[in-house]
Structures are given as structure tokens and as C-alpha cells.
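Trainee: The residues making up each chain are set out below.
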Amino acid sequence: MCTTERFPLPISTASRDADLGEALAERVKLASARGEPLRIVGGDTKAFYGRATRGESFDVSGHRGVTAYDPSELVITARAGTPIVEIEALLAGCDQMLAFEPPIFGPASTLGGVVAAALSGPRRPFAGAVRDAILGVTVLNGKGEALRLGGTVFKNVAGFDGFRLMAGALGCLGVLLDISVRVVPRPRAERTLRFEAAWPAAKARLTGLMRRPLPLSAAFHYKGTLYIRLSGPEAAVEAAARDLAGEPAPGDIWDGVRHMTLAPLASARLWRLSVPRTADIADLDGEVLRDWAGAQVWLAGEENADRIRQLVQATGGHATLFRGARDGETVFTPLPRPLFELHRRLKAAFDPAGIFNPGRLYEGL
Amino acid sequence: MLDTFDPDLDPTFASIDRAALIGRLKAVLPADGLLTTPEAMRVYESDGLAAYRGLPGLVALPRTPEEVRGVLLVCNALGVPVVARGAGTGLSGGALPFPGCVLLSLSRFNRILSIDPAARTARVQPGVRNLAISEAAAAHGLFYAPDPSSQIACSIGGNVAENAGGVHCLKYGLTVHNIQKLEMVTIEGETLTIGGDALDAPGFDLMALMTGSEGLLGVITEVTVKLLPTPVHAQVLLAAFADVRHGGEAVAAIIAAGIIPAGLEMMDKLALNAAEAHVHAGYPTDAAAMLLCELDGAEADVAQELSRVAEICEAAGATQVRLARDEAERALFWAGRKGAFPAMGRLAPDYYCIDGTIPRRRLPDVLEEIERMSAAHGLPVANVFHAGDGNLHPLILYDANAPGQMERAETLGGAILELCVAVGGTITGEHGVGREKINQMCAQFSTAEVEAFAAIKAAFDPKGLLNPGKAIPTLARCAEFGAMHVHHGAVPFAHLDRL
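If you read the protein sequences in the order shown, they are chains V and F. Mapped onto my numbering, the consecutive letters of the first sequence carry residue numbers 1278 to 1642. Mapped onto my numbering, the consecutive letters of the second sequence carry residue numbers 3 to 501.
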């Protein structure tokens, strides 16, 4: 359904919509007073991601519902517990979408969880990440105060961009209540092409293509095959497809990359290497899939963690043990001491009692 | 006037021994790196908001990150406020000197360090001019997208500090979307790398905090920006409307049709007539509003989408729709728009540029309200509007030499910003809060939110030495400012729908 009404407020996409903001704030105040840590849970589809955290499970998924969506404003505002699939369906009905194509690991996955984890899909190098699309949030700080940071408009430089800070903070800074996200029109045309090429040749091809004004929207490489997606107005996509002269390939291949169902992305032990697209990384032991035109390398297998971190950091990037960390294993790349100290102070600024997802991102945070 | 800092409402610092400070700073700066006389410091007394003026205590002109670090360590040790300054083109008084401060000019950081066309990045020092980056990248078929009107003069360090925008933001994003890595020094002398060479970095997104931080969190010493391939083709369409409301409807309909123009700009009658007299761009001088819509991309797509834009404008009641005949006319159409601010000089001795953002659909209401307020304050207002992203630039025309006019302009400007907040927008789209909008921060944010911003600042700058009295108001200021509103009675703009 797409409404052209000027003020389609509120839109209810489900009978279970509810505003639990006050109840959640009360729970936070209580936990804060008692110094009891909370493990914030939305759809519980990304429990595998990040370090283990202690604390009582704090289910925020009941705080749900789209509160504002006007397609001509290119922004949607929804409560954090709103299932991301509902939001995507609503947008699709109006020929719009989330530019960052978040991976969805289950139907219960929520907008809040998508923002807190800040995982972006194949379109990320071409259309931006989760943090690029956020326009504002309402977040509960450790005192249970609802802070409205940012807003619903694209250009807004009043106050620090505390709302973008929530993207990727894994709930360590506060409980997201509602989120305003910028949306984009769906491309009118889309084509997927495949090329048989080993990575060095594929990388050289991509580097050349990325320097030209082509309607690229995704590029991944796996087992000697490079897949490129073109998205945009018809003429540009058709012209680029002719120019690139690859084999046509089915467009649904991207779902497997995006939602990480394609082997080896479903592996039990999986590393995410975020590296400069043009970097050369030495051979790593394991199965490799390169997304983001080479800037995001997925490595499945048992390669030595120290060796991975050393090689990746030498490129100027960082490595995350995305899935399958064993007890006590480092998940995220350790920060230099002054940077970590800054993180510690920011954590204390938002969550003085240290009750939100302690340790989920880093020990001591 | 807000260029006077108030000890009761703004941060205060213990007075220091100036001679001792000079001695300590001389030890960390080159021989020509410190200005101490009023004559030498005069050029630093204001930024692009020239109505606000004040002399700094000293001016430091470092050449290297190590010298920047030296200055910051001295100031932190002695408790001296520091105001960092780029090209000084900012419009919100962000670089206005705080009394007794060390004004830290980054003007000598003026080198492009490297351009990597394969990675599509440029490493530059903060004092490099915005346009110089695109000029240097042009040889590689690349450009740096954010293009504030001041791009000939403004520096990239200042752009990061303000999260600068421009006319192409709707499609290409703001500064925050177009930078990848920062080198910075904290007031405590820590050298930090924020972001990185990959597309993301571990930990919190500190790049987001630094962008638009208005010199309150640290001093940037190097910026790595992202470059984009230059579009093959660009074309601009001009549409004239007899009613501003029709223009606003056309804007909403273009976006709703799934078209993201590279630029979508609106000017009202007063603004477009002044620009026409200034540049002779061939604007429709009898129109109530004019829209410029630029599309870029493959030639066939641009042509096809522009014909849809033309249909949409006609359906919305456009009285005239035409394409730029050629590249020269396209440049001329934009020259008029980019020259709209200086063109105001034809209408009045002075103008005061306001910078609010509103949800696009509220444009007609807001313009009507501004017209009413303009009449009530007895000062004309011309409107220039980044229509695509809802960023409104009302230009209040006044004469600084006429008694009371400047104060009236300031009051009217503040009221317009509060109107933007009331309809669900914000007090600043791209110029920053600076000193100018410090009171309106209290209108947009609650006490808890202002406290949260202050806590973020304290995490970076525990003593509050970096650019004090700017961007984040003290609670005392908000108490005073809030009290003033209560004193005046009812909620402002009670007749408008609130969001």
C-alpha cells in the first residue's frame, strides 16, 4: 500500500503496535538505581554477534509501529521494535527502499537491532551505510531520560551527531526508542552480470570501473567469479550492461550475499575483514568471499586470529570475528589506548551506571 | 548582541599571565607563528558573520600537527580557551574569538598531500580550499561532492567542523557522507586517527561526532575525503510559478516520482529578481517563485527524467518551463543562484542569512509565516531554498547604520528559526549553531539533551577549553532564554500544526 495522502499519520502496519516508551524508561531507571545490567534484546536474531554480555534480558521488541512515513519527504520514522521486514514491505509499496540493504537473519529482526549492529549489505560502497541513512533517534540514556537527537530532516547540524553514534554501538550507549531513516527510490532498472576471473584480475577490472560514472550498485567475488550489479534509470543501466559485456546472471544472487545465506557466509566460524578496496592481503587459510567491491572480505575457517589481525591491520583495515568466537576470544579489533579511553568516557556520558550491554562491544565498556 | 560573552550565561575561565602564556607558546611555535598585537590580530576578529566581532588574546599559526599539539598542551595546562579557525567563511560566528582565547589558525595547513585515483580518495591538510580538491581531482575524472556556496574560499577542515552541505547534497550527501578518515589532536594532546582507510572502523562512530562538532571536540590536522567520478552529462531545467505554493507542490511531486535531482533549488520573487539584476541569467522576473532542477548521469536518462520533471512542474501550475539551451546558459542559471547572497547588496546595505531546515511539505506554510513576520518586524525577507532537502535560507535585509535595525534583524532571525523547530525542522541545516544560534538550541533541545551534548563535549575536552560559548548552550543560558519565552506568554506559532 502506498498512500499519497499528505499526512498519513499514524500508519499501523500491525495490530500489535504499541508505544512502550514510558514503561521502558521506568525499567531503565530501576536498573540504574540498582546497578543491574540489562541485556537489550529486539528480535534476538543477532545474539551471535559481539562479545557475551551479562545482565537481565530486556525485551524491547514490544515497542513497535511506524509513526510517520511520507514518501515525498524520503524519510520513515518507526519505533525501534518494528520488524524490519514490515518496514521494507511498506517502503516497497511506495517504490522506495532502505539504501543500505541490511542483512536480515529472521522475521523478528527489528529496526533497532539493525541500527545497533549497523551491518550494511552489498549496496553499501555505492549508497552508504546504516549510519549514513539515520536522520535522528530517540534514545533512553542510563538515567531513563528520552533524548531526541537529530530529527527527521536530511540537513541538520544542530547539536552533535549523537544519533549516528548509535549505529554500531551495539546498545552500549542507550536503548533506542524510535528512529528516523532516510529512504531512497527503488532503481527503475537493475541488471546483474558475471565475469569469470581470479581475484587479482577482478580487482583490476573493478578498480577501473569504479573510476567511471557507471550505475554500479554492488560487486562481489567468490570462487573465481565476479558479480556486478547495475541499478538506476533504464538507459544508463542498459548502456553500462552493453559496455561491461558480462554474462547475464539472476538478480536473486544478491539476496544470498545480503542475508548471508550463501556459503561460506553461513559458516559457523566467520571473520569479517574491513579493508581498503585496493589493498592486497596475503593468502589466508579458509574460504574467501569478497563483497563491497573488495572492501569487505568474509573469511570462513580456522585461520590463526593473530595472523588475520596483523595482516588486515597492515592494510589500514580491521578484522571482526563475526561469528563463532570461543570463550574469551577477542571479537572486535582492539583500540589504541587514547581512543579506548575516549570510548570509556563516552559510555560514561550516556550510561553512567554502566547498565547497557556491558562488555558486548569491548571489555570494560 | 551575541558577540558579547556573558559571564553569567557563558563559560568563564580564570585570568592568566599573558606574558607567561606567550613565553610558553613561543617555545612550541616557529618564530613567525605567534601574533600578539591588536593590529596583527584584527583580521581574526570575525568570520563570515561579520556583525559579531572580538579580538582574541593571541593568534597561533602552527605549520605541523606537532606544533598544534604543542599549543593545545600549553593551553590545557594553563586553562586557556582555544578557538580553531579555518578560512573564516563560516556564517554562524563559530570562529568568533572568545575573550582572551588563543585563536588557532589552520591556514598554513594548505597542502594536498596525495590523491589516490584507484581508491578514489584525497588526503589533504585542513586548510586546503574545498574547490581546490575538485580542481586537483579533475585530472583523474573525479570530484569532491559537497559544494558550499563559499567553496572558492572555505577550507576542508572548516567543512568537516561544520558538516558543510551545498546545492548537491540531496544526491551526493553532506560532508559526513564524503569523508573517510581524520587525523586530530585533542586538547589533552592525544593524537587520534578517526575512521580509517577501510569503509568503517572498529568501535563507536567517532567520525560522526567529529563532523559538525564546530571545533568543540578537537583540532583536525588531516582529512581523507572520498572522491566521485564526474558525471558525464548534466542539464538544468528552470520552472516559473505564479504562486509559491505551486512550486512547493512541484518539489514534493518530483521527489515522490522517484527522481533524485543533483540539485533542486527554489528562489522567491525578491531573491530571483535581485539575482537577475546581478547576473542577468534570464530569470522570469514576474514569477512568484522559480525552481532550478539539475539532473546528472547518462544523457538519455537525463533527457527522459527532465521531461518527466517538466510534466510534473506543468501539472503543478508552472507558468514557464525551459531547459538551459547550452552549457553556458546552464552555468549562468547556477551563477544566478550561487550569486544570490551577494546580489542582496542591490536591495539593502546589509543582509542576514538564516539557515533552517523544514520538512519539505511545510514550505508554503513556512513562507507565508515568514512573510507575516517580515511585515511585523518591518524588514524585507528574500528566500533562497535548497528545496530538495528542505534547507531554507531566508535573507533578512537591513541597514546596520539605521538605529535598531540590526537588533530587529537578529530578533526576526531567531523567530524564523523557532518557526522551523515548531514545524518539525531544525535551527541549522548547514551553517552550524556557532555563536549565532546558541539561544535557539534551547528551543530545539530539552535540558536533558543539552546535558547529553555537554557530556559528549566533556568526554573529549574535560575542561571545556575548545571553542567555549559556541554550539552547546550552558544550562544557565537556557534557563534565562526559556524564562524570556515564558515572560512573553503563549507558545510561539500556536496557530501552526506541530509535529
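Just so you know, the hints here were simulated from the structure itself, not pulled from any lab data. Hints are supplied without guarantee of correctness; some may be wrong.
[To be verified] Label-pair distances were calculated between CB atoms; the ranges are:
(1) V:GLY1339 x F:ALA478: 35 to 41 Å
(2) V:ARG1311 x F:ALA481: 51 to 57 Å
(3) V:ALA1310 x F:THR38: 40 to 46 Å
(4) F:THR321 x V:GLY1383: 17 to 23 Å
(5) F:PRO344 x V:ARG1463: 56 to 62 Å
(6) V:GLN1587 x F:THR66: 29 to 35 Å
Even for Gly, the Cβ is constructed at its ideal location relative to N, Cα and C.
Trainee: So, for every hint listed, does it hold in this structure?
Mentor: Do the hints match the structure? See the list:
Remark: the range hint 35 to 41 Å for GLY1339 (chain V) to ALA478 (chain F) is upheld by a beta-carbon distance near 40 Å. The hinted range of 51 to 57 Å is not satisfied by ARG1311 (chain V) and ALA481 (chain F), whose Cβ atoms lie roughly 32 Å apart. For the pair ALA1310 (chain V) and THR38 (chain F), the beta carbons lie near 54 Å from each other, so the given range of 40 to 46 Å is not met. The hinted range of 17 to 23 Å is not satisfied by THR321 (chain F) and GLY1383 (chain V), whose Cβ atoms lie roughly 54 Å apart.
At about 41 Å, the beta-carbon gap between PRO344 (chain F) and ARG1463 (chain V) misses the expected band of 56 to 62 Å. For GLN1587 (chain V) paired with THR66 (chain F), a C-beta distance near 30 Å keeps the hint of 29 to 35 Å intact.
Consistency with the previously given hints fails for numbers 2, 3, 4 and 5, ordered from lowest to highest.
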